[in-house]
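Number of protein chains: 2
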Amino acid sequence: MPEVSQRSARAHSSPIRKLAPFADQAKQAGKQVWHLNIGQPDIRTPENALQALRDARIDVLAYSPSGGVPSYRQKLPHYYQKFGIQVSPDDILVTTGASEAVLFALLACLDAGETVLTPEPFYANYLGFAGMAGVAVKPLPTSIADGFALPTVADFRQALSPDVRAILLCNPNNPTGTLYPEAMLRALAEVVLERNLFLLVDEVYREFCYGDTPFFSALQLPGLEEHVVVLDSVSKRFSACGARVGAIVSRNHTLLTAIRKYAETRLSPPTYGQIFAEATLDTPEQYFQTVKAEYQRRRDLLFSRLSAMPEVICYRPDGAFYVFAQLPVDDADRFCQWLLEAFSHNNQTLMLAPGSGFYATPGQGRQEVRLAYVLNCDDLSKAMDCLAVALQQYPGRSSVVAPAALYSMS
Amino acid sequence: MPEVSQRSARAHSSPIRKLAPFADQAKQAGKQVWHLNIGQPDIRTPENALQALRDARIDVLAYSPSGGVPSYRQKLPHYYQKFGIQVSPDDILVTTGASEAVLFALLACLDAGETVLTPEPFYANYLGFAGMAGVAVKPLPTSIADGFALPTVADFRQALSPDVRAILLCNPNNPTGTLYPEAMLRALAEVVLERNLFLLVDEVYREFCYGDTPFFSALQLPGLEEHVVVLDSVSKRFSACGARVGAIVSRNHTLLTAIRKYAETRLSPPTYGQIFAEATLDTPEQYFQTVKAEYQRRRDLLFSRLSAMPEVICYRPDGAFYVFAQLPVDDADRFCQWLLEAFSHNNQTLMLAPGSGFYATPGQGRQEVRLAYVLNCDDLSKAMDCLAVALQQYPGRSSVVAPAALYSMS
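Protein chains in written order, with the working numbering: chain G, 3 to 412; chain U, 3 to 412.
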């Protein structure tokens, strides 16, 4: 038998997927499993966009242009304008989800063997894409103690070894829900300019900001036109993860020309998804207000419930629909499996994403979990009932380790 | 300004796309441009599948499982069964077009720096995917003199340097339309076994076989269960290039497990496309018979018209919807541009794909072009009228160089 490549053998494997068989077994045994493990929104997709698909007149389901359907690209700047982001259609390349945007950006900004620096914990799939692109991920520690705030400029400077060609952020952050304020991004911009780096920013949760801090896009940073590459997607914004439509936005046209070669190689993003995505741009503003209010209620509920649990360390996240919490357990991977395998409360249990999967640094995230608030408040409340009881019953209960000790910067 | 990666700067750029601005100019000048340059079928997409999309009841456009919608995967073996291919749903992983299937297969079968061997001329985008995967493409010459038949076993053996981990075929072939008969594949299988290689076969044109030679899938080769990886797509089969749904089919589950990690990283193939693709499986057999008869008429017309042109070298292709022809011109890239820029016949011209783009060997394909017969016979005939006149008028007319001299095996 020919052997699979070494890179695929050592490729990142999703920590959530490993738990999937246990969730299936729990369901087969008749248990209600509350899914807080995946960022798949439960909110209804906008009806106007679903209807656009039904109304589309198609004789031949043809390739779209590699960079995206022109009418969609033409309209996108109006969407960005609402956030004070000035871009032209020429600054936008439509991709097959933000997933492809991440891969293309890594391929075009970094050569194999070079390094991308990213605050940790980070979106687990960045590791997978980096592996595909042959790029190393260098994690820069952040801590639950300050709500996973962006590291200081000094921390970034210290971490910038010569192999680092790009910094990758997710703002608002998955998995922590942390929103990076304008001042932090402006401070980081100086480092980016000084070291002539690419600044890749995944802004797919742009709409989901709940506090007083307004969202500030990296595309609004003056003087960084050649450095900033924004990775985007309609998945979370419109509860449309299955559309597989995203975008790369950058004013660096030399970079976009390079990326366009990758786009041409894969021919085109999905045509149906783009028809859908174009129609989402006509979604009434009321939709977002309702959706945002709903997520904010859930966040408040989750934060208040978690805060009330003894020895659970938590913070109030300002964005996205995640919270990262530290639990009094020996090992969150084990605890999450136990929840599905051995625990039940009123014949219910919950599925969480173990924190370790969001770290590249071995041993980190051992007591942490990511909770996605993609359930309505009633269900979320039942899930929290389960969690409270589970933490009392779990045989591996263990005191929380102070964040500073758990995560040394050395 | 930060510099783009060296790999993206030297990435393969589509030779057809370079001509696109000239085609646009010709159209703006009021010329009718017959497009024989791209494999975008003009045949209507099956109505039952288009209707399935209109009828789909979706509240939340969610991610599908990474390996594809289960009901679609369950039905696919029945499709393959029609070709005598015995596979189970567990042998199939749904991808975002064959494009993604090629990329994932290269990543999982080869490490960066290793080599894939493929007969030349080959589908131009293989070069792009190889670049993304950091894999080298080693071309194995084939010649128009024998209709681009598969090289002999001796040729393959000679080309198998130690860095070669896989052989990549396209059968029926894009860009040549050549169909590889069973006997040739069986002979090659011995080499694959002997050298313990992966055999990647792009079979997206499986339906389009016109001669007496039946299609024979690499999945039908006995003893090669661990070696064969078939790359597939609904794009050509159902005139549905925009669906972006393909598949990787292999009985090597160690390989599929490795590939599944890449699939999980990019989350899921497009949901709409998969609803469409599942519905295509209920397309009446009559659809294919009509479509195949139509393509066969076009092939016959194209072959007879090309054969009648002085000094044009051609062969009768048995599959796909392409023919590769050698023209009496100094440089096909120049000729193709001249067709769009300077030529017109009854205010019409045609767009062809220059042969050089399908070769990795520098200087090859200089007198060759690929013609895709994706126009109805009337339009195809008008396009051939244009070509006949153009070859008379072209200032760079030049005798055809004998294939043997043009393409030495050294």
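Hints were generated in silico from the structure; no laboratory data involved.
Take the hints with a grain of salt, since some may be wrong.
Repeated chains share a single entry, so a pair holds when one copy, or any two copies, can fit it.
Straight-line distance between alpha carbons at most 20 Å, and here's what the computed EDC-like set of lysine to aspartate or glutamate pairs gives [to be verified]:
1. K33 - D157
2. K29 - D381
3. K84 - E228
4. K84 - E287
5. K140 - E184
6. K294 - D61
7. K140 - D57
8. K29 - E184
9. K294 - D335
10. K294 - D92
Do the hints match the structure? See the list:
{"no.": "1", "hint": "K33 - D157", "result": "neither (46 Å within a copy, 61 Å between copies)"}
{"no.": "2", "hint": "K29 - D381", "result": "within (16 Å within a copy, 58 Å between copies)"}
{"no.": "3", "hint": "K84 - E228", "result": "neither (22 Å within a copy, 53 Å between copies)"}
{"no.": "4", "hint": "K84 - E287", "result": "within (11 Å within a copy, 50 Å between copies)"}
{"no.": "5", "hint": "K140 - E184", "result": "neither (24 Å within a copy, 50 Å between copies)"}
{"no.": "6", "hint": "K294 - D61", "result": "between (38 Å within a copy, 18 Å between copies)"}
{"no.": "7", "hint": "K140 - D57", "result": "neither (47 Å within a copy, 47 Å between copies)"}
{"no.": "8", "hint": "K29 - E184", "result": "neither (44 Å within a copy, 47 Å between copies)"}
{"no.": "9", "hint": "K294 - D335", "result": "neither (31 Å within a copy, 54 Å between copies)"}
{"no.": "10", "hint": "K294 - D92", "result": "neither (30 Å within a copy, 40 Å between copies)"}
Of the numbered hints given earlier, the model fails hints 1, 3, 5, 7, 8, 9 and 10; all others are met.
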